[in-house]
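S.K.: Line order of the protein sequences matches chains Z and U. Under the working numbering, the letters of the first sequence match residues 1 to 167, in that order. Under the working numbering, the letters of the second sequence match residues 1001 to 1290, in that order.
For the record, the hints were derived by calculation from the structure and aren't laboratory data. Hints are not guaranteed to be accurate.
Stated by the list, open to error - For the chain Z half of the interface with chain U, some residues (derived, Cβ under 7 Å), not all of them:
1. Val-58
2. Glu-96
3. Pro-104
4. Leu-135
5. Phe-138
C-beta atoms are modelled at their ideal positions from N, C-alpha and C, and glycine is treated no differently.
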Amino acid sequence: MNATLDKTSFEPRLTAFVCNWCTYTGADLAGTSRLQMDANVRIVRLPCTGRIDPLFIVKAFERGADGVIVSGCHPADCHYTSGNYHARRRFAFFKELIEFLGLPEGRITFSWVSASEGQKWREVVNDATARVRALGPFSGYPGTELPAWPAAGAPAPNPAPGGGGER
Amino acid sequence: MKELRDLATKLLAEGTVNVVLGWEEGPRGVRPAFATDAAAAGRLVFDPRCTQNLVPYLSPRRTQVKKLGKAAVVVKGCDARAVAGLVRETQLAREDVVVIGVRCGGVIADPASPEPLSPATVADRCPGCNSREPKLADHTVGELPAAPPGESRRDVRIADLEARTADERWAFWQDELGRCVRCHACREACPMCFCERCVADKTQPQWVDSSPHPRGAFAWNVTRALHLAGRCVDCGECERACPVDIPLGLLNLKLARVASERFGYTATDDPAVPSPVGSFQKDDAQEFIL
Ligand code: SF4
Ligand code: SF4
Ligand code: SF4
């Protein structure tokens, strides 16, 4: 665990969508090599970057992520030949759209990390976490913030408008 | 007008087609018409009120029109791009439709309005249009009128938004999209939204929250815009259909610019030009990827 972790500082939650063949294996390598890195990232493994629907990213933010990492095989290395090329086009559109909609730059990190790049994965994770930590918590949906923590003994607050309920 | 009516009558009489999709006078301005006989063909009109795109009726989702038999469709230049889009994406066989192109001088935004075409009433997509004479047509009718009046309002609005900070843009769009009532009229009106089952209708899992709160509205509009990225033909139907006047055209135009700047693609009525999604170049720009 990083030395920066103390009770008062904001610890962001990041979701990483990674492909099975390169980045997941790279992250695994980082682990088996016992590389130290920020522990803020939850990894979701998918077969291919081509399987990463931009809706996953939107969903992650909806459900409380402060940042997202998307990572897969370098160009020319895709296990399925061209999934990452298609994904690259899709994410180019997505990135420009989301910036136009005003999502702060830096909350979403795109990278290529191969199975041998455990070191690079560590850098991607640490950099993304630092960027999101500096940006602060994501509270982009007005009216759907979680209610303030009640004072001791006070009755439980109503759920957030718009339904914060888990399905 | 006579040329259009005569052509429609002839196509119906000789049995080339069973129905001609065009416009006719209705109780509130012009409305889509489905002419199956000479009398109906004689009522067809084309003037600057004919803003509706009729190509969505050709999408495979619209079985009602298919049941009428082989169709001819009257298209403006922008609508012809929608025909090309359906052909490009193998939703329509080119030989299954007769395309009647009309030379166009721009249309007004609201087909029910009695106002004449002017810089104030012109549809957003028309100023600067360079496809006023459809190329993808079996017949082309009319004289080419003067170019549409006015200047693009959308360019100004996009430039204004891009000059703002991300937080200001977020506030602007949350305010706009916050009005969305999730009626999906934007989807129903779109010629290129032809999925039999839309991801927004899926419930297990529910990818897009169906209630009209900020998160669902945001997820839906991101989804709609992205699914049309590089495919939108800029016919303006989504924005016209939207009951709460969300400027969907700004999102579409922004993504059309991305398609053009990054992938050299502009919406065209040539079905042979590949769309920028579903194709790629090995050396596509990737400056945003670490
Ligand atoms: S976009 Fe062009 S073709 Fe379409 S209505 Fe306007 S001027 Fe006519
Ligand atoms: S997204 Fe809107 S402008 Fe684009 S093709 Fe569909 S209806 Fe037309
Ligand atoms: S037409 Fe407008 S209100 Fe209806 S779903 Fe589309 S954006 Fe929302």
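S.K.: Does each hint hold? Answer for all of them.
M.R.: Comparing the hints with the structure gives:
1. Val-58: 5 Å, holds
2. Glu-96: Result: holds, 5 Å to nearest chain U Cβ.
3. Pro-104: It holds, given that the least Cβ distance between Pro-104(Z) and chain U is near 5 Å, below 7 Å.
4. Leu-135: Status violated, d = 10 Å.
5. Phe-138: At about 11 Å, which exceeds the 7 Å cut-off, the nearest Cβ of chain U leaves the hint on Phe-138(Z) violated.
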